[in-house]
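What follows is the residue order along each chain.
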Amino acid sequence: MQPFIDLVLNPIHKLGQFGLGRLQALGRAGLFLLASIPWGGPGSAGFRDLIKQIYSIGVRSLSIILVAGFFVGMVLGLQGYTILSDFGSSAALGTMVSLTLLRELGPVVTALLFAGRAGSALTAEIGLMKATEQISAMEMMGIDPLKRIITPRLWAGFIAMPILALLFSLVGIWGGAYVGINMLGVDEGAYWGNMQASVGFYEDVIKGLFKSVVFGLVVTWIAVYKGFDSMPTSEGISKATTETVVVSSLAVLGLDFVLTAIMLGSV
Amino acid sequence: MRTRFVELAVGAFIVMGIIALILMALRVSGLSTADAGDRYTVKAYFENLGGLTERAKVSMSGVTIGRVTKVYLDAEDYVAVVEMEINKSMSTLTTDTSAAILTAGLLGEKYIGLTVGADDEYLEEGGVIEDTQSALVLEELIGQFLFNKAEN
Numbered sequence: 001m002q003p004f005i006d007l008v009l010n011p012i013h014k015l016g017q018f019g020l021g022r023l024q025a026l027g028r029a030g031l032f033l034l035a036s037i038p039w040g041g042p043g044s045a046g047f048r049d050l051i052k053q054i055y056s057i058g059v060r061s062l063s064i065i066l067v068a069g070f071f072v073g074m075v076l077g078l079q080g081y082t083i084l085s086d087f088g089s090s091a092a093l094g095t096m097v098s099l100t101l102l103r104e105l106g107p108v109v110t111a112l113l114f115a116g117r118a119g120s121a122l123t124a125e126i127g128l129m130k131a132t133e134q135i136s137a138m139e140m141m142g143i144d145p146l147k148r149i150i151t152p153r154l155w156a157g158f159i160a161m162p163i164l165a166l167l168f169s170l171v172g173i174w175g176g177a178y179v180g181i182n183m184l185g186v187d188e189g190a191y192w193g194n195m196q197a198s199v200g201f202y203e204d205v206i207k208g209l210f211k212s213v214v215f216g217l218v219v220t221w222i223a224v225y226k227g228f229d230s231m232p233t234s235e236g237i238s239k240a241t242t243e244t245v246v247v248s249s250l251a252v253l254g255l256d257f258v259l260t261a262i263m264l265g266s267v
Numbered sequence: 001m002r003t004r005f006v007e008l009a010v011g012a013f014i015v016m017g018i019i020a021l022i023l024m025a026l027r028v029s030g031l032s033t034a035d036a037g038d039r040y041t042v043k044a045y046f047e048n049l050g051g052l053t054e055r056a057k058v059s060m061s062g063v064t065i066g067r068v069t070k071v072y073l074d075a076e077d078y079v080a081v082v083e084m085e086i087n088k089s090m091s092t093l094t095t096d097t098s099a100a101i102l103t104a105g106l107l108g109e110k111y112i113g114l115t116v117g118a119d120d121e122y123l124e125e126g127g128v129i130e131d132t133q134s135a136l137v138l139e140e141l142i143g144q145f146l147f148n149k150a151e152n
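Keeping their order, the protein sequence lines are chains A and E.
Letter by letter, the first sequence follows residues 1 to 267 in my numbering.
Letter by letter, the second sequence follows residues 1 to 152 in my numbering.
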């Protein structure tokens, strides 16, 4: 009788263990975020750190974001033109390209690229700090490693992501304009005019910006948490880096659906 | 020297972000600098809107002079009420102006076309356009056409 009961109970036991472990990790990550937010505001040293982090997270990501944005815009222009010209409405190309970029592709693709380019670097950096016991050394000296290391990085992601997403969309719209107007012969006035008539500043630009602010916070949060929580070995760091990219990409895509549903207000 | 470069780069990055936002506002979303104080609201009652929505254009002779701000059904008279904002620069709409719901192209978006009348008095804030013409609903039109065919 006993082996039979074990056979039934073991999977349930494992499932419970797994669920509790996940829940605990989520709770740790939440407490971690709460402890890293500077309620009192950053001092002058914190500000200098913030500038340095915005440089390494934001400015150094510019090249990949701008090139990717331009190509995504050009592809949208090409694809959109072939589809729209079937319906004789290639004048709506500007509307299509700009709405696609502002509402979806800008925030989402930027966040995915950001997770790969900056998130993985953050995790590896913090993981290595932990492995080389720099974090313990800080604690010994009475410096709060959360405030000293994590806070400026979180703020940098929070600030850099919306700027990167905006630039992505902007470059993409100009890429679409380049393909549409110069190569495919869409009327320039129709491209910009239809775009201006149907893109709303609040409805599309600001809502897209809001999305990228949320994504910026989530991706950086996952990256720094995974780094801080990693096993202090070379294997642990590599695992944490992979997890950062996978988890933050999935989180961005899932959150995107939730945010879009809330913004469109149809669910 | 190194920190100076980093600070300069970050400053340029943030400036780029602000410029991008301004470009988005002016060039892409066509946000005009005219604020809400330069508009006035008029109402019109329609029998059938046929797909007219909020933010639709209000135009006269093909020039956009305002936008639809609110669409709802009058609970007592069962007619659709459309509230629209007209630019103050077009404050010379006569009280017998007529409004029609038109379609841009065969399948395009619905908009309101205004035609000016001959009255001496002008519409003011909260004024009502009396002379309205409902949207042409394609299904009704086809139904009528088939009905006429059958009678002949």
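Any given hint might turn out to be false.
One side of the interface only, derived from the structure: several residues of chain E facing chain A at Cβ under 8 Å [claimed, not checked]: (1) 6; (2) 7; (3) 13; (4) 20; (5) 21; (6) 22; (7) 23; (8) 30; (9) 102; (10) 104; (11) 141.
It should be emphasised that the hints constitute simulated quantities derived from the structure, not laboratory data.
These numbers were taken from a predicted model, which means no experiment stands behind them.
Note that beta-carbon positions come from the ideal geometry of N, C-alpha and C, so glycine has one too.
Checked hints:
Look at residue 6 of chain E: its Cβ gets to within about 5 Å of chain A, closer than 8 Å, so that hint holds up. With its C-beta approaching chain A no nearer than about 6 Å, residue 7 of chain E sits inside the 8 Å limit, and its interface hint holds. Checking residue 13 of chain E against chain A by beta carbon gives a least distance of about 5 Å; that is within 8 Å, so the hint holds. Interface restraint check for residue 20 of chain E: the shortest CB-CB distance to chain A comes to about 4 Å, inside 8 Å, so the restraint holds.
Because the closest C-beta pair between residue 21 of chain E and chain A is about 6 Å apart, less than 8 Å, the hint holds. For residue 22 of chain E, the shortest C-beta to C-beta distance to chain A is roughly 10 Å, which exceeds 8 Å, and the interface hint is violated. Interface restraint check: residue 23 of chain E against chain A, minimum CB-CB distance 6 Å, threshold 8 Å, status holds. Using the Cβ-Cβ criterion of 8 Å, the hint placing residue 30 of chain E at the interface with chain A is satisfied: the shortest such distance is roughly 3 Å.
A distance limit of 8 Å between C-beta atoms decides the matter here; for residue 102 of chain E the minimum to chain A is near 15 Å, and the interface restraint is violated. Taking 8 Å as the C-beta cut-off, the interface hint given for residue 104 of chain E is violated, the closest approach to chain A being about 10 Å. At about 22 Å, the closest approach between the beta carbon of residue 141 of chain E and any beta carbon in chain A exceeds 8 Å, and the interface hint on this residue is violated.
Of the numbered hints listed earlier, those contradicted by the structure are 6, 9, 10, 11.
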